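Novice: From first to last, the protein sequence lines stand for chains A and B. Going by this note's numbering, the first residue of the first sequence is number 18, and it counts up by one from there. Going by this note's numbering, the first residue of the second sequence is number 985, and it counts up by one from there.
The hints are simulated quantities; they were obtained by calculation from the structure and are not laboratory data. Predicted model, so just to flag it, every value in this text is computed and none were measured. Check the hints yourself; a few may be wrong.
Not the full set, but computed from the structure, chain A residues with beta-carbon under 7 Å of chain B [said to hold, decoys possible]: (1) S43; (2) I46; (3) Y78.
By construction, the Cβ of each residue, glycine as well, lies at the ideal position given by its N, Cα and C atoms.
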Amino acid sequence: MQNTKKQDQIKELVVARLQSIPSNASISIGMEGNFNRAQLIKHVEDEDEIGKKITQVELEYLKALKEGVLYAQTPCY
Amino acid sequence: MPKLLVTRPQYDLTTRYLFYWSTLYMQFAKQKGFQVLDLDGKRANRKELTSIIKKIKPQLICFNGHGNYDLITGQDGEILVKTKDNESLLVGAIINMLSCGSGKLLGPACLQKGALVFIGYQESFIFYYNNEETSNPLNDNRAKLFLEPANVTIRSLLKGHTAKEAYEKSQNLYSQNIQKLLASNSPEAYLARYLIWDMRHQVCLGNQNVSL
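Generate the whole structure from the sequences, applying the supplied hints.
Specialist: Next up, the structure:
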């Protein structure tokens, strides 16, 4: 029950973020296709593969902010 | 004369952007005295790729196109290189792949078969574009934020820098673009999260000290 609530909160957050995308902006996600704001929001709400990917992008962003990695040079290996 | 081979399919919006943005480093390569072998459009097929590589043996090979963890494609999605298939074709070359996911399996497989170094992405390469600029991709400042860092690896290699330096140049340019977006109250600040994604999933595998 708690997990579902958390997932819903994450979904809400991602959709809220997507609302700020300008109407003239579209995203290319390789072979998966190109999407505008409305299409991305639908994918996130549907929790399909594209929606999961966009959610993953948001979660990685939050993690990067928390880690402060934007201010450190990323090593390569 | 050193040689650069570029694959540039063009059959959908994404490949159209990669097609045009690669012209910049191709022009730069010519200025630097490189022979540029351009497999554009329908020429971005497996048969021509194989023939040119075997005959000319380019030192630097730059792929543009759709991909997955284990493959890179050319025109109309034709598979150009795939793991457990023909990855040994890239032996002895420096490889740059601007495509989704090929850094995860194809890159390491190419290195196992003798490629010197591989720069690419382990997950989807994502970029945003301006719907009003699709007929003129080089004018698209939104796409520029993504494609300039992606392609600066090649410019850096063409200047004679090592693979490690080329990779770091790209990572730094991603970082600069991210910081500019976050520091301003720009309506484009939402792009930062996607730049972070590309930056964090870019890899440089193999011999870091190799250069052209």
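Novice: Which numbered conditions among the earlier hints are violated in the structure presented, ordered from lowest to highest?
Specialist: Of the numbered hints, all hold.
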